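Put together the whole structure using the sequences plus the hints.
2 protein chains.
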Amino acid sequence: MYRFFLQNPPDGNTISITGADAAHIRLSLRMKPGEEVIFTREGVDYLSEITEITPNEVISHIIKADPVKSEPALKLTLFFALPKSDKAETIIQKCTELGISEFVPFLTKRCVAVPKALNAKTERWQRVAESAAKQSGRGIIPTLSDILRFEEVLTRLSDFDAAFFCNENSGERLTLPDNVKNAALITGAEGGFELSEAERILTAGAKSITLGSRILRCETAPISAAAIIFHLSGDI
Amino acid sequence: MYRFFLQNPPDGNTISITGADAAHIRLSLRMKPGEEVIFTREGVDYLSEITEITPNEVISHIIKADPVKSEPALKLTLFFALPKSDKAETIIQKCTELGISEFVPFLTKRCVAVPKALNAKTERWQRVAESAAKQSGRGIIPTLSDILRFEEVLTRLSDFDAAFFCNENSGERLTLPDNVKNAALITGAEGGFELSEAERILTAGAKSITLGSRILRCETAPISAAAIIFHLSGDI
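Heads up: the protein sequence lines correspond to chains A and B, in order.
Residue numbers for the first sequence, in this note's numbering: 1 to 236.
Residue numbers for the second sequence, in this note's numbering: 1001 to 1236.
Source of the hints: derived by calculation from the structure; they are not laboratory data.
Every value quoted in this text rests on a predicted model; they were computed, and no experiment measured them.
Worth double-checking, as some hints may not be accurate.
To be verified - Simulated pairs of lysine-lysine, DSS-like, Cα-Cα distance not exceeding 25 Å:
#: 1; chain 1: A; residue 1: 134; chain 2: B; residue 2: 1084
#: 2; chain 1: A; residue 1: 75; chain 2: A; residue 2: 87
#: 3; chain 1: B; residue 1: 1109; chain 2: B; residue 2: 1084
#: 4; chain 1: A; residue 1: 69; chain 2: A; residue 2: 181
#: 5; chain 1: A; residue 1: 116; chain 2: A; residue 2: 84
#: 6; chain 1: A; residue 1: 84; chain 2: B; residue 2: 1087
#: 7; chain 1: A; residue 1: 87; chain 2: B; residue 2: 1084
#: 8; chain 1: B; residue 1: 1134; chain 2: B; residue 2: 1064
#: 9; chain 1: B; residue 1: 1134; chain 2: B; residue 2: 1109
#: 10; chain 1: B; residue 1: 1087; chain 2: B; residue 2: 1121
#: 11; chain 1: B; residue 1: 1116; chain 2: B; residue 2: 1084
#: 12; chain 1: A; residue 1: 121; chain 2: B; residue 2: 1087
#: 13; chain 1: A; residue 1: 69; chain 2: A; residue 2: 84
#: 14; chain 1: B; residue 1: 1134; chain 2: B; residue 2: 1181
#: 15; chain 1: A; residue 1: 84; chain 2: B; residue 2: 1134
#: 16; chain 1: A; residue 1: 87; chain 2: B; residue 2: 1134
#: 17; chain 1: A; residue 1: 75; chain 2: A; residue 2: 134
#: 18; chain 1: A; residue 1: 69; chain 2: A; residue 2: 87
#: 19; chain 1: B; residue 1: 1121; chain 2: A; residue 2: 87
#: 20; chain 1: A; residue 1: 134; chain 2: B; residue 2: 1087
#: 21; chain 1: B; residue 1: 1207; chain 2: A; residue 2: 87
Claimed, not checked - Now the stretches of chain A that chain B is said to cover, found in silico as 3 or more residues with beta-carbon under 8 Å:
#: 22; region: 54-63
#: 23; region: 129-140
#: 24; region: 202-214
Said to hold, decoys possible - The following residues of chain B were derived to be distant from chain A, with all beta-carbon distances above 12 Å:
#: 25; residue: 1019
#: 26; residue: 1031
#: 27; residue: 1050
#: 28; residue: 1053
#: 29; residue: 1084
#: 30; residue: 1112
Using N, Cα and C, we set each Cβ at its ideal position, and we do this for glycine too.
Here it is as structure tokens:
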């Protein structure tokens, strides 16, 4: 069944959508009143029947509302230093499938790709996250932060029960302490981190972890670490 | 230091290379006699000093030979059903970094992409594997099998201590039995597997495993499963 994320909460038992998703239902999918569709918002699936389709609006009636079962119990935020070319899209797509809750792109000294039009990039990434969330059956679209400066990342790390720092080959093997509900994962751009940056991340409370003795590309590291962390949390 | 894979064993303490790598050393890297380079073959690193460079050949003297420390103890073979577009390259690149020993592309009923020129594809994939092996510091270039028919995969599964079958949301969480030295991982193309195919894979001795309740793309599944398996084996 087709799934769409709702931008606004339902109005009682009625869901009204406009814009791109409404046009998609009417023109591409050529759906008709009487057909069923799933609308998802904030971890709830609304199984709904389309009741009316106008050129600007699709109106549906909610048949039943169920919590989405696919959301991981662990909230994992990925802080990733901005890589070159379209690797950020690869990271956001794959890590949305795996269950990341929030993406925080940030800048380090070794980032060579600082987009001139930051907002244009994050709008594109938001579409990648939404598309991957739909396709993988997520209950939320992961949040996408603005691109942060390095110092801003450090101040955010205290929000988490645990923070895992992928720092080349140093560090311990990944383990997940009991009762972690809210964790951060920090990965670098192509050249990794300067020693001074690594020290500041560790001082801010992150734990250095290793992903083995082979050198993983900057887009392979967050995908692999996220898969392992969600395995350790029992979500995968 | 630059690293090249040797096609032939050293001749005593001397290594002679010709072809593309020799041209790369002479023309792109502009290396000179006296400079050091690492040649790797079958899990051994040969730290070597270049002694002579001619238009067709680079001759080096071995300073010392050491076993490569980056090869995982677990040999993991990935059987992946042929996906669309360039996803096979993504799978081969990322899974080479993670430590896969052998790649076996194969055909299922839901494969929509059957290349007309099979050899052209596998030659391209071989270059992707070699490049990823160099970049990630592997001790071997993973073997790339010809594209197999489904039945041929079934007969190969008895070669392994354990075989893990990623079959949508069914199956158990990944665990690695003790003393597994040689495992197989089996993943599908975009549409997964027909029920009859899944039954035959299970009958051939594979164990059905789940990668959680979110639907992973056909290129995300093998990368995630390989990361988790190498974590369970202690290699990551």
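Hint-by-hint comparison with the structure:
no.	hint	verdict
1	A:134 / B:1084	holds (20 Å)
2	A:75 / A:87	holds (23 Å)
3	B:1109 / B:1084	holds (14 Å)
4	A:69 / A:181	holds (17 Å)
5	A:116 / A:84	holds (13 Å)
6	A:84 / B:1087	holds (19 Å)
7	A:87 / B:1084	holds (19 Å)
8	B:1134 / B:1064	holds (19 Å)
9	B:1134 / B:1109	violated (35 Å)
10	B:1087 / B:1121	holds (12 Å)
11	B:1116 / B:1084	holds (13 Å)
12	A:121 / B:1087	holds (23 Å)
13	A:69 / A:84	violated (35 Å)
14	B:1134 / B:1181	holds (24 Å)
15	A:84 / B:1134	holds (20 Å)
16	A:87 / B:1134	holds (20 Å)
17	A:75 / A:134	holds (18 Å)
18	A:69 / A:87	violated (29 Å)
19	B:1121 / A:87	holds (23 Å)
20	A:134 / B:1087	holds (20 Å)
21	B:1207 / A:87	violated (33 Å)
22	54-63	violated (count 0)
23	129-140	holds (count 4)
24	202-214	holds (count 5)
25	1019	holds (25 Å)
26	1031	holds (22 Å)
27	1050	holds (24 Å)
28	1053	holds (28 Å)
29	1084	holds (14 Å)
30	1112	holds (17 Å)
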